[in-house]
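S.K.: In case you want the letters, here they are:
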Amino acid sequence: MAVRFELIMFNETVINEINGIRKKYPDRRSALLPSLYIAQREFGWLSLKAMSCVAKALNLPEADVRGTASFYSMFKHNPVGRNVIQLCTNVSCMILGAEKLVDFLKSKYGVHPNGTSEDGRFSLVIMECIGACGTAPAMLVNTDFHDELSESRIEEILEKYK
Amino acid sequence: MENFLLKNIDNPNSADIAEYEQAGGYKNLSKALGIKPKDVLDEVKASGLRGRGGAGFPTGMKWTFATADPKFPKYLMCNADEGEPGTFKDRPILEKNPHLLIEGMAISGYALGAEYGHIYLRGEYPEAGDILNSAINQANEKNYLGENILGKGIKFKLSVHMGAGAYICGEETALIESIEGKKGQPRNKPPFPVNVGAWGMPTIVNNVETLSNVPYIIEIGGENYAKIGSSECPGPKLFSVSGCVNKPGVYELPMGTTLQDIIYNHAGGMRNGKKLKAVIPGGISTPVLPADAIDCAMDFVAMPKAGSMLGSGAVIVMDEDVCMVKVTYRALKFFEHESCGKCVPCREGTDWLRKILERIENGKGTQGDIELLSDVAGIMSGKTFCPLGDGAAGVVMGMIKHFRSEFEEHIKEGKCTF
Ligand SMILES: Cc1cc2nc3c(=O)[nH]c(=O)nc-3n(C[C@H](O)[C@H](O)[C@H](O)COP(=O)(O)O)c2cc1C
Ligand code: FES
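Chains as they are written, first to last, in this note's numbering: chain H, 1 to 162; chain C, 1001 to 1418.
Misleading hints may appear alongside valid ones.
Pair by pair, the computed Cβ-Cβ distance ranges are [to be verified]:
hint : chain 1 : residue 1 : chain 2 : residue 2 : range
1    : H       : 52        : C       : 1344      : 29 to 39 Å
2    : H       : 49        : C       : 1155      : 37 to 47 Å
3    : C       : 1413      : H       : 26        : 55 to 65 Å
4    : H       : 9         : C       : 1130      : 24 to 34 Å
5    : C       : 1264      : H       : 115       : 41 to 51 Å
6    : C       : 1141      : H       : 42        : 27 to 37 Å
7    : H       : 120       : C       : 1246      : 40 to 50 Å
8    : C       : 1221      : H       : 113       : 23 to 33 Å
9    : H       : 107       : C       : 1362      : 16 to 26 Å
10   : C       : 1413      : H       : 151       : 24 to 34 Å
11   : C       : 1359      : H       : 49        : 41 to 51 Å
One side only, chain C facing chain H, incomplete, derived with CB under 10 Å [unchecked claim]:
hint : residue
12   : 1154
13   : 1165
14   : 1182
15   : 1316
16   : 1330
17   : 1341
18   : 1345
19   : 1401
20   : 1403
These aren't lab readings, by the way, just hints derived from the structure by calculation.
Where a beta carbon is used, it is the ideal one built from N, C-alpha and C, also for glycine.
Please build the complete structure, drawing on both the sequences and the hints.
M.R.: In structure tokens form, the structure reads like this:
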């Protein structure tokens, strides 16, 4: 039986990218958030190994890297689905029906808050305000904004994300 | 009043430098570089501009403190964290009028003797990040930014730093910690950032809208600017209106416009002919006002007198069908989630408040729960490390003050009555 090792390391292009970012700041630690974003882009989520790559690239203690990464909700510490639905349920969205949309996502796509659908197509994250309150309810799918949501709008939008 | 902050944003290419120049853009930078940095600072002082990030601190005074500090380099940070729920006023500037912010920052950097600027942008605005980065590239090519601005030997380098979904990073010292690659937990003050900020150096943190007002002050002069809107906090103000109104959106109006006017004349009045019940006037962290209290001027001086705060100018409008207990519960879920964990009254207090509110909303409230809420909120007030916990306590106290009967009814009926 063949054993598959997942290779978790930054390639040279990524290392160069990180070195470029370091130049924007007076010290190397300040490049940490941008580097964590890069690691997340490269590996999909921040495993211990991924964070250890960041620690090496910036020459920082691993504990510091993990501590910082754990503070921010946009850094993922578990594998996520192919598409991440980030639905806002804060007050302006809530009073225009966002909670019903959470139920709809559960029943129609089998995806629960902080969970991933069985087919791996969607993960759902409940967001605090995403700055689209004037066109509430709103969500981000990956990095795309969608607003004025209703059940039928969501169905239409999610068609595009396979 | 003609729009300045939102000028030209209906133009689909408004974010492009050519369109911005066409509309008179970067002329104010060139005008500012023609006078001494001290004169630019004096114009800003004369304008009476107060910070638009929520606290309303006089910008000229902050800048004076920063320039008085002999240490260099100085850093100018633009606070584009826009995390206060209900707030979406900076977004049109960032996405549609990025060159206005860049011009404002270049002028401010000159006045402050700051050669480096960073825009701390919330992670939830990836599109704004792309737009800002290409606008910065354009501005660098045209020497509105860079090593030798407009050939005058003046340097200002600007870059974008993405946050990663932590509301507390909007607090200026937490923002600085975050830029330094740490957890976003607020620092003790003093020392204030204007003396010891990012990387131990004098650091000026200003909101997007604040910095975007600077070109306007240069254009019309501080004295003329001071005549717009309220006398004690003049200028144009962006209001983001959301909730149960016909025309939600961002409105640029003179500071001091009344809530009544904003809701009924600008935002088109109540949706579906419903009755107004309550308004959160300045984002989730500001105390609620009942329907009969909306005849008040929206500015930093009048709002505290009316029992709330201007905050970020995020007006959340609620009609008769909205359950106030549910709104309070949702707000406290937010505060609990966003409490940075550094101080006990905030970390434990928000957790307690959320738990009590959750049981009241779910029909499991008991006699004495309202007193318990008031008690916990009272203990938190004034004892938290930063204003986040204070805000959370104020929200609960405001709701109980104006809508106590709804809490009582939930407890008596054993269910949500909406
Ligand atoms: C919990 C908390 C969150 C804040 N969030 C923001 C924010 O998202 N944007 C902002 O400009 N100011 C925010 N502030 C205010 C900043 O601390 C600071 O006062 C402001 O950026 C100063 O700029 P200004 O004088 O131009 O308003 C926040 C403050 C607190 C306590
Ligand atoms: S409350 Fe949902 S986007 Fe602001």
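S.K.: Now tell me, hint by hint, if it's right for this structure.
M.R.: Evaluated hints:
1. In this structure, residue 52(H) and residue 1344(C) meet the distance hint of 29 to 39 Å, their C-beta atoms being roughly 33 Å apart.
2. The hinted range of 37 to 47 Å is satisfied by residue 49(H) and residue 1155(C), whose Cβ atoms lie roughly 41 Å apart.
3. For the pair residue 1413(C) and residue 26(H), the beta carbons lie near 60 Å from each other, so the given range of 55 to 65 Å is met.
4. The hinted window of 24 to 34 Å between residue 9(H) and residue 1130(C) holds, with their beta carbons roughly 28 Å apart.
5. Taking 41 to 51 Å as the suggested C-beta distance range, the pair residue 1264(C) and residue 115(H) conforms, at roughly 43 Å.
6. The hinted range of 27 to 37 Å is satisfied by residue 1141(C) and residue 42(H), whose Cβ atoms lie roughly 30 Å apart.
7. At roughly 42 Å, the beta-carbon separation of residue 120(H) and residue 1246(C) lies within the given 40 to 50 Å, and the hint holds.
8. With their beta carbons about 53 Å apart, residue 1221(C) and residue 113(H) fall outside the hinted range of 23 to 33 Å.
9. The hint said 16 to 26 Å for the Cβ distance between residue 107(H) and residue 1362(C), and at roughly 21 Å that hint holds.
10. Checked against the hint of 24 to 34 Å, the C-beta distance between residue 1413(C) and residue 151(H) comes to roughly 30 Å, which is consistent with it.
11. Separated by about 42 Å at the C-beta atoms, residue 1359(C) and residue 49(H) satisfy the suggested range of 41 to 51 Å.
12. The beta carbon of residue 1154(C) comes no nearer than 20 Å to any beta carbon in chain H, farther than 10 Å, and the hint placing it at the interface is violated.
13. With a least beta-carbon distance of about 4 Å to chain H, the hint placing residue 1165(C) at the interface is held under the 10 Å criterion.
14. Because the closest C-beta pair between residue 1182(C) and chain H is about 6 Å apart, less than 10 Å, the hint holds.
15. Contact between residue 1316(C) and chain H, as hinted, is supported at the beta carbon level, the nearest pair being about 6 Å apart and thus within 10 Å.
16. Restraint check, residue 1330(C) versus chain H: the minimum CB separation of about 6 Å is within 10 Å; hint holds.
17. Restraint check, residue 1341(C) versus chain H: the minimum CB separation of about 9 Å is within 10 Å; hint holds.
18. For residue 1345(C), the suggested interface contact is broken, since its CB lies about 20 Å from the closest CB of chain H, more than 10 Å.
19. About 18 Å separates the beta-carbon of residue 1401(C) from the nearest beta-carbon of chain H, more than 10 Å, and the hint is not met.
20. The beta carbon of residue 1403(C) is not positioned within 10 Å of any beta carbon in chain H (closest approach about 14 Å), and the interface hint is therefore violated.
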